[in-house]
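Same order as they appear, the protein sequences are chains U and E.
Note that full-length UniProt numbering has the first sequence beginning at 1, numbered continuously upward.
Note that full-length UniProt numbering has the second sequence beginning at 1, numbered continuously upward.
Derived by calculation from the structure, the hints in this document are not laboratory data.
Idealized CB from N, CA, C, for every residue including glycine.
Please note that the accuracy of each hint is not assured.
[Stated by the list, open to error] Sample of chain U residues with no beta-carbon within 12 Å of chain E, all distances over it, derived:
{"id": "1", "residue": "L15"}
{"id": "2", "residue": "S16"}
{"id": "3", "residue": "G18"}
{"id": "4", "residue": "D19"}
{"id": "5", "residue": "V56"}
{"id": "6", "residue": "S77"}
{"id": "7", "residue": "P96"}
{"id": "8", "residue": "A118"}
{"id": "9", "residue": "D119"}
{"id": "10", "residue": "G121"}
{"id": "11", "residue": "D126"}
{"id": "12", "residue": "G133"}
{"id": "13", "residue": "T143"}
[What the hints assert, rightly or not] Derived Cβ-Cβ restraints for the label pairs, each shown as a range:
{"id": "14", "chain 1": "U", "residue 1": "F43", "chain 2": "E", "residue 2": "A5", "range": "26 to 32 Å"}
{"id": "15", "chain 1": "E", "residue 1": "V85", "chain 2": "U", "residue 2": "G14", "range": "39 to 45 Å"}
{"id": "16", "chain 1": "E", "residue 1": "P75", "chain 2": "U", "residue 2": "D117", "range": "25 to 31 Å"}
{"id": "17", "chain 1": "U", "residue 1": "F43", "chain 2": "E", "residue 2": "D74", "range": "14 to 20 Å"}
[Stated by the list, open to error] Just so you have them, the derived chain E footprint on chain U, three or more residues with Cβ under 8 Å:
{"id": "18", "stretch": "35–46"}
{"id": "19", "stretch": "63–72"}
{"id": "20", "stretch": "97–107"}
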Amino acid sequence: MTGDAQATRPTLTGLSVGDPVGTRSIEVDRTRLVRYAGASGDFNPIHWNERFATEVGLPGVIAHGMWTMGAAVELVSAWAGDPGAVVDYQVRFTRPVPVPDPGVAVVEVSGTVGAIDADAGTARVDLTATCDGVRVLGRAQATVRL
Amino acid sequence: MPVNAAYAGREYPPNLAYEVGREKIREFADAVGASHPAHRDPEAARALGYPDVIAPPTFAVVVAQRAESQLIADPEAGIDFTRVVHADERFTHHRPIHAGDRLVTVLHVDSVVERAGLAMVTTRAEIAADDGAPVATVVSTLAIRGAQGA
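This is chain U alone, in the form it adopts within the complex (with noise of 0.2 Å):
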């Protein structure tokens, strides 16, 4: 199975700038957010409490936008073969992913070569993430060492 997955990870010799990386459609429901709370720590009702999200103005529940964060970034290292590959990650927060109950919301994650420092090793992944046609990430983009 490794030995798989080393064989089919890419190098930075095959990219070029533009190459797709992949897409993803992940699901999220309140569940998921209520396990990300736990495992992550971060138990701001705003993520799990309809009430309380709508008392500080918001349409509901929302996803935290760290969770969004962390499921963007599974294409980058899946394509990678190596999620230690990824040596900076960074995003801005454009919008929040509302969560519905009973249902599910689902976020729309594509990536694409951005660039590609060959003195350095690495190649940036620029992605993309959007939530019914919006844009719910911002300068979403993954340096990977190849």
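Using the hints provided, position chain E relative to the given structure of chain U.
Here is chain E on its own, set in the frame of chain U:
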């Protein structure tokens, strides 16, 4: 109460060490949907050259937020958490975090900027191993709405 601009430039003493466990890494990986075996199987992690299972790229937020709470929970800082929106986040990994790490964090308040009823507070958590070697740098900006903007 407005955000206290005098906190800009503040550096906190090293906080209590965070001990990274395999099950915490697994729990976090499950929560964000990180599927690589190196998060769960020590042999898979060793095959990639790591001493034990490694954390997903955003796991460092767990460590950083403990340090950030020194600022956020400080009433003198004037950060009303019900008015906070997370504006941006950046992780720079000097090496992957792995199970068995004992991580010590020094929190810096890099800037406090107020404009148009919005206060932007940028913190930097410098995370190091207990031998002092740098592990990760986590930069986070919070936007805090003023009372008049509510």
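Each hint tested on the structure:
Distance check for L15 of chain U against chain E: the nearest CB is about 19 Å away, which clears 12 Å, and the non-interface claim stands. No Cβ of chain E comes within 12 Å of the Cβ of S16 of chain U; the nearest lies about 24 Å off, and the non-interface call holds. The beta carbon of G18 of chain U sits about 23 Å from the closest Cβ of chain E, which is more than 12 Å, so the claim that it is off the interface holds. Even its closest Cβ contact with chain E, about 20 Å, leaves D19 of chain U beyond 12 Å, as expected for a residue assigned away from the interface.
Non-interface status of V56 of chain U relative to chain E is broken: a Cβ of that chain comes within 12 Å, the nearest being about 5 Å off. A Cβ of chain E approaches the Cβ of S77 of chain U within 12 Å, the least distance being about 6 Å, so the stated non-interface status is violated. For P96 of chain U, the requirement that its beta carbon stay farther than 12 Å from each beta carbon of chain E is not met, with the minimum near 8 Å. Distance check on A118 of chain U: its Cβ is at least 20 Å (rounded) from any Cβ of chain E, clearing the 12 Å threshold; non-interface status holds.
With a closest Cβ-Cβ approach of about 18 Å to chain E, D119 of chain U is found to remain outside the 12 Å limit, as its non-interface label requires. With a closest Cβ-Cβ approach of about 15 Å to chain E, G121 of chain U is found to remain outside the 12 Å limit, as its non-interface label requires. Its beta-carbon lying about 15 Å from the closest one in chain E, D126 of chain U satisfies the requirement of being farther than 12 Å from that chain. Distance to chain E confirms G133 of chain U as a non-interface residue, since its nearest Cβ pair spans about 21 Å, more than 12 Å.
With a least beta-carbon separation of about 9 Å from chain E, T143 of chain U fails to lie farther than 12 Å from that chain, contradicting its non-interface assignment. Separated by about 28 Å at the C-beta atoms, F43 of chain U and A5 of chain E satisfy the suggested range of 26 to 32 Å. Here the CB-CB span from V85 of chain E to G14 of chain U is close to 40 Å, well matched to the stated 39 to 45 Å. For P75 of chain E and D117 of chain U, the hinted distance range of 25 to 31 Å is not satisfied, since their beta carbons lie about 45 Å from each other.
Between F43 of chain U and D74 of chain E the beta carbons are some 18 Å apart, a value that agrees with the proposed interval 14 to 20 Å. Here the stretch 35–46 of chain U counts 8 residues with a CB under 8 Å from a CB of chain E, which clears the bar of 3, and the coverage holds. With 6 residues having a beta carbon nearer than 8 Å to a beta carbon of chain E, the stretch 63–72 of chain U meets the requirement of three or more and the stated coverage holds. Residues of the stretch 97–107 of chain U with a Cβ under 8 Å from some Cβ of chain E number 0, which does not satisfy the need for three, so the listed coverage is violated.
In this structure, the hints that do not hold are numbers 5, 6, 7, 13, 16 and 20, in rising order.
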